[in-house]
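Protein chains in written order, with our numbering: chain A, 128 to 617; chain B, 128 to 617.
Derived from the structure by calculation, the hints contain no laboratory data.
Just so you know, not all the hints are guaranteed correct.
Note that identical chains are pooled: a pair holds if it fits in a single copy or bridges any two copies.
The list that follows gives simulated cross-link-like pairs (lysine-lysine, BS3-like), each with its CA atoms no further than 27 Å apart [stated by the list, open to error]:
#, residue 1, residue 2
1, 456, 475
2, 174, 184
3, 482, 361
4, 184, 436
5, 471, 260
6, 361, 583
7, 475, 260
8, 605, 536
9, 470, 436
10, 456, 174
11, 240, 577
12, 240, 204
13, 240, 214
14, 579, 447
15, 225, 579
16, 184, 482
17, 225, 240
18, 386, 463
19, 454, 184
20, 231, 377
21, 463, 605
22, 386, 436
23, 471, 386
24, 470, 149
25, 475, 386
26, 560, 577
27, 184, 463
There are 2 protein chains.
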Amino acid sequence: MAKELTPRSENYSQWYNDLVIKADLAENSAVRGCMVIKPYGYAIWEKMQAELDRMFKETGHVNAYFPLFIPKSFFSKEADHVEGFAKECAVVTHYRLKNSPDGKGVVVDPEAKLEEELIVRPTSETIIWSTYKNWIQSYRDLPILCNQWANVVRWEMRTRLFLRTAEFLWQEGHTAHATEAEAIAEAKQMLEVYADFAERFMAVPVIKGVKSANERFAGALETFCIEALMQDGKALQAGTSHFLGQNFAKAFDVTFVDKNNKQDYVWATSWGVSTRLMGALIMTHSDDHGLVLPPNLAPFQVVIVPIYKNEEQLNAISAKVNEIIPKLKGLEISVKFDNNDTKKPGWKFAEYELKGVPVRLAMGARDLENGTVEVARRDTLTKETVSLEGIEIYIKRLLTDIQANIFNKAIDYRTSVTREVNSYEEFKVEIEKGGFLLCHWDGTPETEEKIKEETKATIRCIPLDGDKTPGVCMVTGKPSAQRVIFARAY
Amino acid sequence: MAKELTPRSENYSQWYNDLVIKADLAENSAVRGCMVIKPYGYAIWEKMQAELDRMFKETGHVNAYFPLFIPKSFFSKEADHVEGFAKECAVVTHYRLKNSPDGKGVVVDPEAKLEEELIVRPTSETIIWSTYKNWIQSYRDLPILCNQWANVVRWEMRTRLFLRTAEFLWQEGHTAHATEAEAIAEAKQMLEVYADFAERFMAVPVIKGVKSANERFAGALETFCIEALMQDGKALQAGTSHFLGQNFAKAFDVTFVDKNNKQDYVWATSWGVSTRLMGALIMTHSDDHGLVLPPNLAPFQVVIVPIYKNEEQLNAISAKVNEIIPKLKGLEISVKFDNNDTKKPGWKFAEYELKGVPVRLAMGARDLENGTVEVARRDTLTKETVSLEGIEIYIKRLLTDIQANIFNKAIDYRTSVTREVNSYEEFKVEIEKGGFLLCHWDGTPETEEKIKEETKATIRCIPLDGDKTPGVCMVTGKPSAQRVIFARAY
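Looking at chain A on its own, in the form it has when it is part of the complex (with noise of 0.2 Å):
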């Protein structure tokens, strides 16, 4: 079969490659490092942003757009971020092109050099908060709470699909208050949307957590994490929420009068998910049949085959199709009814197997006469027959189901490989085989970078839950807060 998947157990990354093109999901362009998202997999990547957008303004905050370019001067105002952020980008050098002087093609025209580079944004923080400087004077002009959806691009040299591409879409959340106090608080309320979105759209457990100062973001004081485990045992950070402290202000002088008449700098946060969502998506529930799509995110949640010899067949069966199909949207279920004509009913189970079609409904004759329809749940690869009475009732349970087990399935696999490691000797065992350790650790960034660099593993997040017991560091033996989470990751 064409269509076949490298299994996960020979090679994972080849699994994980096949599946995003086969079940059309992106592919790379002609563009370096650039992905063309397909219309299937950006039905998926819409659903998630419709969600996201409605928390985004249930939670006040509102859209707006700003520039895709950024002088290349902001970049060195803020010293960390220039540090992090300035560096493997698209660089705009000219705005025109002319004929080329041997009539072939187009040529860049030297007379059009910009006087100051312009940098494809990799991040807004800057050109927002340039912005904000004019749109701030007072404390009546905070809180200032906008998301823009947007594309940015950084040069990374190694790509994959949806996980890492030069191009990626994603949403950036850049606040603006007057104290500190609400600038965490909105930090951790947005970690707190992310992890929800995560886990009740997505069906992808998360681990809430503050990242240690290596893995911070550039200019961040604090940065607020979600991290999730794929099946191959590797961890991926899901979304950051960071806590810019008066960093950002700083950089632009952006200042306000306060209550109390005292000038003060502005306290700044900036929130993030991308299409990477999309990776972790893949590689929490997928299997080596195709994509295991979760309920509330499917672009159609249930598709219809019919199974016929002739036309009359086929003209009873969509008759019966069109009775269940109102009944199923009037549930809120999105349903496709295939009756293509050139392809079989084989063909459509093995490809909407792939697509991760939560259900699969499949009529014959035979359920005509009995009233009956054949149904197929994608997470368990089982199916039965059930009666036509009360099926968008029934359908719209499973969803619940089918929603509800892939979380379950999700949660007892990492369950199953995070473990508490004690000792320096053991966790080199142990990281060989995935999961999250938890261990202690003593706090410094040298003791993070030696184990990295020995280990190739990296603090995916001292959480911000669970067990908070003191210790010692595994390395140093130093005094440790509380155990903190290992892993290798995307």
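For chain A, the structure is supplied; the task is to place chain B on it using the hints.
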């Protein structure tokens, strides 16, 4: 008053700029020619997007995403297209910055020069058709009906907020078809979608037509367009839909095998509308007091302002308002209750007038006693006192009225400045007065060019509907198939 606008009669262009800035729609950014779309402006754009997206999906289209960057060589592949688009554009030449040797800031790393320059997309036909080549083998793969919501960059020398900016937001549909007839039908269908959207949602009357060869999209065989007329008598092209023939298929070698097993090039369309529509919306309806928004696109349709002398009164009014709000929302009316205590009612009245909120409700102590509310219409600036009994139904009807009224007002204005002109002498006089001039033209680019040079007027379109009586060209006396529309344009 700080927020007063320059009157239209004094300086229309300044009025427009004042309005965009003071109504918090958009502003210029630190990057030449790039705008910041502020939350209030973006909320209108989001409403436009939501409706257009719904209409695209209803007509069978799906969204996808293609790269921001286009290899320079791609532009040379379609001869007309390179002339039209690969000139004033943002050119990425490098992919890395490094710390400046003098320790101050960052500089472009000369070693990180791209082998081939990348162009920030001014439009995506080339990158998309290079992708479609891999998607299309057989007639079974057709049609492809993709749309993309994206940012594009055209390095305009003179920019104006929304109307002409270096970066702008838009959607671009790109479809691929097996037959010429199907592609033409698609291009025409999208023209109808655009016209329907402009008239029913923006309340902007448009004329549907085709462009003359001079004004055609670079690479198209036929450009369909909708043309609107602004209050200063200048035309604004509000949307275009192109029949591209087989030009891009030939440029990127995209062929398919048809039902008879014959190989042929694929037929194409593309169509787009942009944030320019915001300019059309503003300039069609607004007045010297500020924006006038059609209820179908207003971020909120109703604002409620309490008039109170003390907290007790405010509490009583708020209690009543909180009874009204759910009733309005129940009829899908969006509403904002502005109980901000730091602003006076007079300030709020002026602010919401400036922001074009269709209906303002003001409620004071006497209204409470009488069970009434003061209802003010933004479009007519009239007020009346209305009973709270059934207020939601009253408001619902009022919003429908306002939507119809501003559309009819725009139609009336257009009718009043649309006239037939039969001699070039008369034309030169009339064009100074603005409006649409219906004239006979001999169909040649030379005559159109001469008229443009001498009068700055262009053919806005050859109308699809209306009078098709032949005549003689007002300039050359040669035969003319029908009157065409001349105007000066944005």
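(request) Sort out which numbered hints this structure fails and list those numbers smallest first. (result) As far as the earlier hints go, 4, 8, 11, 14, 21 are violated by this structure, in ascending order.
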